[in-house]
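Engineer: Each chain, letter by letter, is given below.
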Amino acid sequence: MRFFSNEYLILLYLLPIVFIILLFLKRLKEDAEYPFTKIFTAKKKEKRFFRSFIMKIIRILLVTSILANAILSLSKPYIKSNRIEHLALFIDKTPYMNYEIDKVNRFIDSLGGKEAFRNIHIYINQKKVKYPLKENDEIKPNLIEKQRVMEHISRTIFSYKSNSVKSILLTDRSFKRINLETDIIVRRDAPKVLITGIGRFIFLYSKDEVVVELTFKLKDKNIGKLTVNLKKGINKINSPVKEFDFVNCLYDSIKLGRGILLSRTNVNEKTGNKFVLSAIKSLDANLEENSDIEISYNNNIKKGIVFSKEDEKYTAKSELFSTDKNFDEYIRNMNKNLEYTSLYKIKGEPIIISKKGEIILSNKDDVYFVALPLDTSKSNFVITPSFVLLMDQMLNRFTGKSSEIVNKELNYRKELTQPYSDYLSGYETPKELDISFVFTFVSLIFLMILIFT
Amino acid sequence: MNKKEEIELLKIPDLFLRSKLILKGYFSGIHFVPYKGASAEFSQYREYVVGDDFNRIDWKAYLRSGKIYVKESDNETNTEMVLLLDSSNSMNFGGKFRYAQTLAFLFIYICSKQNDLFTYAIFSDFLHILKRSGTGKRAIYDAARDISSRIAKGKTDIRPSLEKVFEKTKESSFVILISDLGDDYEKIIDALSGMRVKKNDIIIFHLASKKEESKEILDKNALRDMETKNIIFGGNYRERLKIIKERNGEIRNSSLSKGLDYNFIYIEDGFNEPLSKFFKRRMK
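Chains as they are written, first to last, in numbering that gives the first Met the number 0: chain Y, 0 to 452; chain A, 0 to 283.
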């Protein structure tokens, strides 16, 4: 016999103590002096005395037996069996995970079905479905975060509290090893052509050389079409339209929800800083006069990109937000007193504000570190990789480009273009039977006897 | 003085004092059959000495002889009281022994006031003291000292003690047993009824505390015997109370059927009520 939670077994050592406590504490507690007890132990009462004493011992034995059985039940004992206790099949139903009910049922049957597993649990996108699957068990595809998928698997397996669990994940994505026992079987049924990027350029992945037609649904409900010759692998195509909310290529399509501006972001750069310029260039932003966004230290410019800093010295939030005017001063003053290394550690909250101090856009959830203030010709403003990322994000958010949902969809498609492999744990699941119910039953029987005697 | 105050009086350590207080408070109305010489037998004449009671001068003898003679008589009467006091450990329960000591001394005191002779015996599983009193105040002081100095301990076994007392008991005595009758009551009653052979008047004062019948104690799972230290289990309040009541009833019936004067006293009832009943009944 094996125990799943053998740590509870240590409680069995405490049972004699419980027994002694019950025997003596109760006795001490209910003990009283009496002038003479002979009168109660007269011959005709002797039997009763012994009976009550024996009953007391029996009651104590029953209590300890109930506890012992409860502990054993809690420890989840297992004995050898000809079947595995649980089969947990997790199906990661993504948009291109083409699972068929018959296929799944056949898959389980190929593993042995009910003859090999005592309990068969099927979860499709974390929703439990009874085996064998029926036609109405179709679940809507959903891209659940991988982390959540893995957490669900681990949590579910643990909830069985059994050593005898065979778990399998069917997916078309690439998962890292979840645990030692879970097999990950990857099956990909994705279309030959996939849209993997949307923006100024449309990225298309193709398995073969093929000619396809790209279809755009424009904001004004017109449809735009473009025929392209795709090579094997990733293809980069200039976006023919500035704004659309749906794109289709052969069997793959992406719905963007509300209309998304795919035109390049226009930025009016006034600093003349070569690093800022190169950053803007790397972000595919257009440098244009009279654009919505201006990057400047010039006091006359209405909008600019600034940092705010969390600092205990300042209590009012408005004091933390700097316009490009006082930001310049702020940076300069700060540099006089701070060493580069300590400045590097200061947390910054990226915001875009107007000259009046009104917040146009803020991103409180993200935290950036103000980078090292390197010596530049016009300011101490810093251009570092972190600044480029910050700028990219702020520009994207300001223009409403590429929502997270689209990113998730695109990332999923990108993943489908990557090579994959199954993960077979090689773990031989022990064939065992949980007999904790026996101890629970015995415990309940004893409890009933205790109550009714 | 109510019952509560009487019980409070039991806290007075001096047995003599507390007995006198109880007597003064409650037995003042009881007529002690004051000694007037009517029942006393003539003993002798002696010459008058200063301080003698004028009432005792025999004026006829004075007229005859011209000398003042005082008439003396024996203090002895035909009745003698034999008092048996149980001092087993069970008497410690609820203050029974202190009550018993006081009650015993009350009888001795009354007896002494009547110039009756008395014998007192204190026993548990064997006889500790068996003393026959002399006359005068000294006898009563000795009795007070003996009774008050005794500590209740040991088991109850009345039979051997009774046998020894029986040997020394004169005929037509009052034998008073003060006990909680923790021993086998049939044996006790048999032994006491055996003393009736000498035409003795046997009086039993069966002492009990109301605590013995309280739910608080009888409902306990285990009861520890104060004398044997044995523990008994099981039983409940109702069962145990029934046993106690049945036993008390059996003792009463058995005593009365064998011509013994049985008196059951709850010590919480004090002295006045139970003793008034006793004396009234005896006066009839």
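Among the hints, a few may not be true.
For the chain A half of the interface with chain Y, some residues (derived, Cβ under 7 Å), not all of them [unchecked claim]:
| id | residue |
| --- | --- |
| 1 | Arg-137 |
| 2 | Ala-138 |
| 3 | Ser-171 |
| 4 | Lys-219 |
| 5 | Leu-222 |
| 6 | Leu-240 |
| 7 | Ile-242 |
| 8 | Glu-245 |
Estimated spans, in silico, between C-beta atoms of each pair [unchecked claim]:
| id | chain 1 | residue 1 | chain 2 | residue 2 | range |
| --- | --- | --- | --- | --- | --- |
| 9 | Y | Leu-22 | A | Glu-212 | 27 to 33 Å |
| 10 | Y | Ile-9 | A | Glu-249 | 53 to 59 Å |
| 11 | A | Glu-245 | Y | Ile-20 | 24 to 30 Å |
| 12 | A | Leu-20 | Y | Leu-449 | 29 to 35 Å |
| 13 | Y | Met-54 | A | Ile-11 | 55 to 61 Å |
| 14 | A | Glu-272 | Y | Met-54 | 57 to 63 Å |
| 15 | Y | Leu-13 | A | Glu-212 | 37 to 43 Å |
| 16 | Y | Phe-451 | A | Arg-237 | 46 to 52 Å |
| 17 | A | Glu-249 | Y | Leu-449 | 24 to 30 Å |
| 18 | Y | Met-54 | A | Asn-252 | 50 to 56 Å |
| 19 | Y | Leu-449 | A | Glu-185 | 38 to 44 Å |
Bear in mind the hints are in silico, worked out from the structure with no lab data behind them.
Every residue gets a Cβ at the ideal spot worked out from N, C-alpha and C, and that includes glycine.
Engineer: Would you mind marking each hint as holding or not holding in the structure?
Structural biologist: Each hint tested on the structure:
1. Arg-137: Since chain Y brings no Cβ nearer than about 35 Å to A/Arg-137, farther than 7 Å, the hint is violated.
2. Ala-138: The hint is violated - A/Ala-138 has no Cβ within 7 Å of chain Y, the shortest such distance being about 32 Å.
3. Ser-171: 33 Å, violated
4. Lys-219: Nearest chain Y Cβ about 4 Å off; hint holds.
5. Leu-222: A/Leu-222 check passes; min Cβ-Cβ to chain Y is 4 Å, inside 7 Å.
6. Leu-240: Interface hint status for A/Leu-240: violated (11 Å vs cutoff 7 Å).
7. Ile-242: 6 Å, holds
8. Glu-245: 9 Å, violated
9. Y/Leu-22 to A/Glu-212: 27 to 33 Å: 29 Å, holds
10. Y/Ile-9 to A/Glu-249: 53 to 59 Å: 57 Å, holds
11. A/Glu-245 to Y/Ile-20: 24 to 30 Å: 36 Å, violated
12. A/Leu-20 to Y/Leu-449: 29 to 35 Å: Hint violated: Cβ distance 58 Å, outside 29 to 35 Å.
13. Y/Met-54 to A/Ile-11: 55 to 61 Å: 48 Å, violated
14. A/Glu-272 to Y/Met-54: 57 to 63 Å: 43 Å, violated
15. Y/Leu-13 to A/Glu-212: 37 to 43 Å: About 41 Å separates the Cβ atoms of Y/Leu-13 and A/Glu-212, which means 37 to 43 Å holds.
16. Y/Phe-451 to A/Arg-237: 46 to 52 Å: Check failed, 21 Å falls outside 46 to 52 Å.
17. A/Glu-249 to Y/Leu-449: 24 to 30 Å: The hint (24 to 30 Å, Cβ to Cβ) is violated, given that A/Glu-249 and Y/Leu-449 are roughly 38 Å apart.
18. Y/Met-54 to A/Asn-252: 50 to 56 Å: Once the Cβ atoms are compared, 34 Å apart, the range 50 to 56 Å for A/Asn-252 and Y/Met-54 is violated.
19. Y/Leu-449 to A/Glu-185: 38 to 44 Å: 41 Å, holds
Hint compliance for this structure: hints 1, 2, 3, 6, 8, 11, 12, 13, 14, 16, 17, 18 are not met, and every other hint is.
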